[in-house]
Structure formats: C-alpha cells, structure tokens
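J.: Each chain, letter by letter, is given below.
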Amino acid sequence: MSTTETRHIGAPLKRKEDDSLLRGRGTYVDNIDLPGTVVMAVVRSPYAHARIGSIDTAAARAAEGVVAVFTGADLRDDWKAAMPCAWPVTEDMKSPEHFPLAVSEAHFQGDGVAVVIADTRAHAVDAAELVEVDYEPLDVIVDVEAAAQEGATLVHEELGTNVSYVWKLETGTFEDGADVVVKHTYVQPPLIPNAIEPRGVVARPEPGGDVTLWSATQVPHILRVLTAATLGMSETKLRVIAPDVGGGFGSKLDVYAEELLAVALARRLGTPVKWVEERSENALATIHGRDFVTTLELAATKDGKITSLRADVVASMGAYLQLVTPGIPLLGAWIYAGPYAIPNYSVTFTGVFTNTTPTDAYRGAGRPEATYVLERTMDLLAKELGIDRVELRRMNFITEFPATIASGLTIDNGDYHASLEKLLEHLGHDELEAEQQARRDRGDVKQLGIGFSTYNEMCGLAPSRILGAIRYAAGGWETATIRCLPTGTFQVVTGTSPHGQGHETAWSQIVADQLGCDPSEVEVLHGDTSISPYGLDTYGSRSLPVGGAALWTAGEKIIEKAREIVAHQLEVSADDLDYDAGTFTVKGSPDKEMTVKGAAWAAFAAHNLPDGMEPVLEATATYDPPNFSWPGGAHAAVVEVDTETGDARLIRYVAIDDVGTVVNPLIVDGQVHGGITQGIATALYEEAIYDEDGNLSNGTLATYLVPSAAELPSYELDRTESKATDQPFGAKGVGETGTIAAAPAVINAVIDALAHLGVTDIQMPATPERVWRAIEEAKS
Amino acid sequence: MRAVALTVNGMRHELEVEPRDLLVHVLRERLSLTGTNVGCDTSSCGACTVLLDGQSVKSCTVLAVQADGASIKTIEGLAVNGELHPVQQAFHDHHALQCGYCTPGMVMAAVSLIENGEATDRDAIRSGLEGNLCRCTGYHNIVEAVAAAAGVAS
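So the protein sequences, as listed, match chains A and B. When you line the first sequence up against my numbering, it's residues 1121 to 1900, in that order. When you line the second sequence up against my numbering, it's residues 288 to 441, in that order.
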C-alpha cells in the first residue's frame, strides 16, 4: 500500500450526486423523450398457467395511434438464443425454454404474450386491452414444497419434473447422537423488491444497424453482452447506458424481456421504442426475492458448543430461470454457520419451478435466507440448553483470523465479540430486561421483546476462480481508469454502475487522498458501455471492495509513473523520492518536491520525459479480488407487541456493524439504514401473496405493505472496525448487511415478547393476525 | 379536449387536455417538467407530490381539468435564483436521498408539512410523511432533514 495521509477517506463528505436530483434534474429513463419515439405496451397472461391458442390482433391494430402489434410467434425468429441464465449450478440443471414473449404456453401471471406499439403510452395501453388471446387454462402449482413432491402438477410438462437442480455441500457428518439437537422448518415468503423507480427502457436505432439502449439497470455491461448474444448482434453494435437509476436492490440486476424486445423492435421499426413499467406490472414482471422453505438442524454439546449444522433448503425459482435465479440460494451456501465455528457442515439446495414470477437477486440474495434460519435456531438452541441466548452466541464465535470455516472458505478478518459487546452497551440490555420483566409481572397488554442477530456475510462478488468453480458464467473482477488531466484535475472511469449508492462521491474521496487533490477536482464517469468498455457492474456489495480496489490499484500505477517523471525532472533517483498524499519529496532535501498534478502537466507537455516514456499520465487497472468480503456485526431489535390485537411495533433498532475501512460514514450509515429497513419490512410487513390459481393478490403498493416513515423508529448505529486484509485499503461491503441481519433480530424480538405466554414460533411477516393467532394457540 | 389554464412555478400555461389526462402527465409530457416522478398507479408512493394552491397533492390523483385555474409548484420551482430551498439544502446536508427518485415528492410533501406548521416533532414528521415511500434511506435521514429544516431540536 502507498503511504497516504487519509484526509478524505473517512470524512462525511456530502454527496456530489445530490444537486441535480434535488432540483428535479434526474435523468431517469422515463425522462428521455427522443423525437419519433413510439411506445410499447406488453399484453400479459392473466393466467398463471395456460396454453396460448389463437391471438386476434385485428382490433388492436385498427385502434387509434397503433403502429404495430407483435405476438410471441411473430418475433420467435428474432431471438438467436433463449433468454440468458448465466449460472447453471449443476451439469444436469433443468431449464425450460424461455423467450421474451411466450409462444405456446404462459407459465406465470404476467408472462408476456404480445406487444403493442403506438404513438403514445395511452394509445398503446388502450390497444393492448383489445388484443384477444384464446387461453386454455392449465393446472397451477404455487407452493414450493408441494411443487417439489413426486407427482406434483408440472410447471413445464416437457421437463418431466419441477426440480431444476439439487446442489449439496457437505464437509462433515451431522452428529445425530449429540447431547442436544434442535430442528425447525422456516418459511420465507416471496418478496417484491419495489424500487420506487419502475423499470424502463428506450432503444434508439442508429445509422449502420447500431442500437443505443437506455435502461433502468444495475448492469449495463452484462446487459450489453447478453442482449447482443440473444439478438445475434455484434457487441460493437450495441451501446448500453444506465442513466440515473432509481434504486435496484437486485431487481435491476437482470436481462429482461422488455430490454430485448425494445432493441429488437427498434431495429425492426427504425424508430426509438420506449417502454416504462407500471407499478402493478412491476409486481408481476420484475423478479421476486426469497420464497424459501428451509429446515435447519443444529447439534450441540450440553455445555453449548455447537458441533454440527445441517440445512435442507427448498427454493422457488418461479416459472423460469432468469439471469442468476438458480445461483441465488448458493450465495448463502457457505455461510449457514454464520460467525460461529461449527465443524460439521452440510447444506442441500433443491431449486424448484412454480407458476409464479421468477425469483432472482433481491438485497442480500441467499444470505438473508441463511442468516434468518441460523439466528432463529440459535434462540431455539439456547432455550433448549437453558443457556442465555447472548452467551450461546459468544461461546461459539469464530475468534481467530484468518479463519477457514467448515464450508471451505476463509474469512480474512473480523471481531464478532467486539460488535456484540458494543451492542449490549448501546442497548442497555439489563434495563430493558428489567422493563420486560416488569411488564410481564403486571400483565400489561403491550409486552416488550428483545431480539438479537449476530451475523457475518460474504459479499464483494467475487474471486473469478471461485465463480468458475461454482459454474458461474463470468468473472468477478472490476476495472477503473484514472486520467490525470493537464489542468490538475482527474477523470475516473469505473466499471461499476451506481443507482443511488454515491460512488461519484466515494470514488472522488479515494482519488483525492491517494493522488493529492480535492474531491471536487475528480470527475467520475460510469454507466455507459461506450465510456467504460469493461465492467461487471453493481450488485452483491461489490462496488467498493472490488471496484474501489481497482481504482486504488490504478492510483498506484499513476504514482509509479509519476515517480519516474518526477525523478527525471528533479534529476534524482526514483528510490530517493518519498511520496505522501500527492507530493513527492527528495529524501534529505524536503524543499525539493513535485506533485502528481505537476507530473501530469509534465506528462502532457512531454517536453522532458525519461527516454522511451509515453506521454500523458493515465492508468487502467483490472482487479480480481483474492477473496470475498466479510463484513459482520451484531444487531438488536426491541418491539412492543399488543397482546390483544397482535400488532407488533418496532420501537428501537440498534446496529453495530464492522465493514472495515469506512470511506464515507454518511453513505455507509445510509446503506445500513436502508438495508435494515428492508429486513424489518421482511419481518413485519411484506409478502407476495398468491392464491391457489396463481393470481398475485397484492400486486400494488396499496396492498403490498412497503413500510412508510410512520411505521418505523429512528435507528441507533455504531461501528467496530477490523480492516479487511484481503482488500488494498481495508474496506468491506456494506450494501446488504442490514437486510441480512435485521429480519431475524425482529422476529426473535416478537417471539421474545410473547415467550412467557408459550409462543415459540411466528412465521414472517409477523402480521397482527399471525401474532394474534400464535398467542391464541399458545393459550389453548 | 378541454381548455385549461395552469400557473406552474409562476408561469401561466393555456393548454388543451383530454378529460382523462392526469396532472402529472401534463406536467411531465406537455410542460417537460420531468422532476415530478411517477412511482405507482394507486396513489400510494407519493413520488408525484406537488403543491396545488399551496397544499401538497399527489399529481397522479388530480385530473388536469381539476387543476384549471390553480397555481402549482413543482420541485423545479422550489429553488430561488439557483439557491436550494431550505428543505432541499437540509436533504443534502443530512444525506436524505440516495437514488433520488422519491426525493422530489418527498421534498414537496415536507415543504407542505413545515409550511402548515405540522412538523412539530419527529413523530409528527413521520406521520406527516406517511404517504411518501422511500425504498433507499429507511427514512432515518429524511426525518432528520425535515426536523432540521423545521427547526425541531435534535
């Protein structure tokens, strides 16, 4: 590492991104209004499973403003390959035929069957209603466990089974004969990510057969490669731009039908094609998260030492495999033992098709699902052993780092005790327990519950060799370019693609420290494949641990070239130069100095460079991480539960996280706030509810309960810091930590509030009805 | 088509609109004021909040013809001579926005809340913003920003 005085890394710099967003000058896709644009509306199957008979488009074609109508059959030959799934997790994984529009059969409510193109959005939507599709409804299967059974109704008849794959990781034998074994089955329902900006695309045909695609996407680079492949285009013919993107949370980490349709139709029609999702359409046509049923078993000695873990996970794929659908459960596969040292480890995943919206990455992706079942079971085990739940966690923490865990990966650094002790201090644990006891003694209607979640996670996706070993199609590296401009300013190009995270600000802070400038002198470019030819985009809390490391590495290359230039100009040996925060000084002659900015000018002027050196000061680095990133921490939720109505209300939430080096504490806290909130929402409010016919019955924001400010308290955050040793400046990922930790803390708290009444289990989300029923059942 | 007159951010516009045209669509598509975003189709998310004769409304729930003769303020009309409005400035100071999509509606709702004297404490701010959803911030910093702009003690 270069010696660098950190003036900007760690500072709560206000964001560069804010000004345009605060003035209403965001460049979201729906704000793009190109001359000649026609608008696309998608005709979607109202049935969760149906054979598609004849489609009569005559009335739609004749409607006002309509340009064209296409069915799945009309466009079948536009696709040179099926919709991409980049993660065939086993050699024999089963995957159904999947094209942007269904041709012969619709497999979930919302599956596209035709598109209407018109001059305005209103005309397109009106005409879509006039497309008459002759559907023959087929049997439907929604429940993931039922779908996994032999003889179940088949989602895809031609596959002969609903099971897409079975994947195992076993590194020890479960000790069935241990002193204590606890076993419990947990349902984690499907969730709708609900970024507040719905998806949207504009595809503009360019001269020579090129296409520019603007998309509300997290992954412009991946989208470019796979759109080109699906359409049989040369990659060079397609430019993808992610403008301002209004949140993603994994739901915009995909290659969607509408993106492919817009490009195909822009080429066919020779005019820009636009599509913007309606919210109710988003609930059906954008991926869902979770939908797991997991049985977890822990075996322990009577003293509380956990010796074995076995997880059996049944995970819904939904109706099709989207970009990384089958791999989502696996992203949790190595961390079912969390921050605990458990020697015998066995996890089995069964990926199952159902007639529901496809699942894919939603904030945390596989890791919240793992942490939830582990932290719930830790409380069960503590109860079974008669050991305090906090003490049980302490007793089993991994304490020595680097730590090779039973699942086979190595955690570079961490300090789980430090987070937990700090949490207890902030929480005022003893006072809370006293208050809880007092309420119990008085028989208060509103009972108090305290819930814990101590967690770690693996993020910063990911070492390319490991991705290859687990059959992911691409690598996990990231790129960055730094150009030192002649005026003493710096242009940065990153292959990551922010959509609210604040990379422009954070990347500026890193460059400012490393190369010696003010953050305002750094320009950060992103989200356009013509600006950054290589990149693997933003997801899996990877941007700072991996993309930031690429940036740092590029900065080191800049320093090395600048050192040669400065040595030449000052007529000293490069070894005689010290470097700190943008300035080279000559050892022993501290008055002789030259800055990186000065070297940039010298490299630009090129009047006096070392023999053979190329002019200009610019460097590109591609960084492949040697390890995953391993944040961790300890969270606690305090809830008040009304024992008469079942209303569970979160009244405090305390989070202590260890995310290594913090570049910008404002941004880090913001990530934790948002992450926690999505975990709380999972625990108390959110669930995509399907009826037995596969109709999504709460597919609007009026019925799907994304929490507002009124349901939530302010949060209490603090941090511990053990720097990542496998990352150049010690940073770990932070984007998903809150979501991973929060749900079990909240549910553990709800159960804790009612433990004295005999309640031991409540399914997420803990709605007033579920809580009330749990209380009533415990009474009887 | 119906003739309507709207005064938007101080400028008078006379327009022919369809009876079904929503105010938000007229603002965005006819007047190119794209700062006001659309996030849902059930009046739930509040991304499209604007001020109609000084009161916050969800512009996806108001027909353009209903706004005939009214004075409307959108996020674009909030800054004066380029200087951010105190609520906009507070959102910046407190990192109360991430992706920014809910921000225009959230800021307009907060302006209305403060101007009506309803932002008296953090609980009141939370209840007052119930109709505006944010998926990024968890509301923590939004509440801090509005409290600061309203002069509520920390």
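No wet-lab data here; the hints were simulated from the structure. Ideal Cβ placement from N, Cα and C applies to all residues, glycine included. Please note that a few of the clues may not be correct.
To be verified - A few chain B residues that face chain A, going by a derived Cβ cut-off under 7 angstroms, partial list only:
#	residue
1	321
2	331
3	373
4	379
5	384
6	389
7	391
8	407
9	414
10	416
11	422
12	423
13	425
As the list claims (entries may be wrong) - Okay, derived cross-link-like pairs now, BS3-like style, lysine-lysine, Cα gap no bigger than 30 angstroms in a straight line:
#	chain 1	residue 1	chain 2	residue 2
14	B	360	A	1425
15	A	1288	A	1422
16	A	1542	A	1357
17	A	1288	A	1214
18	A	1566	A	1542
19	B	360	A	1712
J.: Look at each hint and say if it fits the structure.
T.: Okay, the hints, checked on the actual structure:
no.: 1; hint: 321; result: 4 angstroms, holds
no.: 2; hint: 331; result: 4 angstroms, holds
no.: 3; hint: 373; result: 12 angstroms, violated
no.: 4; hint: 379; result: 5 angstroms, holds
no.: 5; hint: 384; result: 6 angstroms, holds
no.: 6; hint: 389; result: 5 angstroms, holds
no.: 7; hint: 391; result: 5 angstroms, holds
no.: 8; hint: 407; result: 15 angstroms, violated
no.: 9; hint: 414; result: 5 angstroms, holds
no.: 10; hint: 416; result: 5 angstroms, holds
no.: 11; hint: 422; result: 5 angstroms, holds
no.: 12; hint: 423; result: 5 angstroms, holds
no.: 13; hint: 425; result: 3 angstroms, holds
no.: 14; hint: 360/B x 1425/A; result: 63 angstroms, violated
no.: 15; hint: 1288/A x 1422/A; result: 29 angstroms, holds
no.: 16; hint: 1542/A x 1357/A; result: 54 angstroms, violated
no.: 17; hint: 1288/A x 1214/A; result: 16 angstroms, holds
no.: 18; hint: 1566/A x 1542/A; result: 28 angstroms, holds
no.: 19; hint: 360/B x 1712/A; result: 58 angstroms, violated
Hints 3, 8, 14, 16 and 19 from the list above are not met by this structure, while the remaining hints are.
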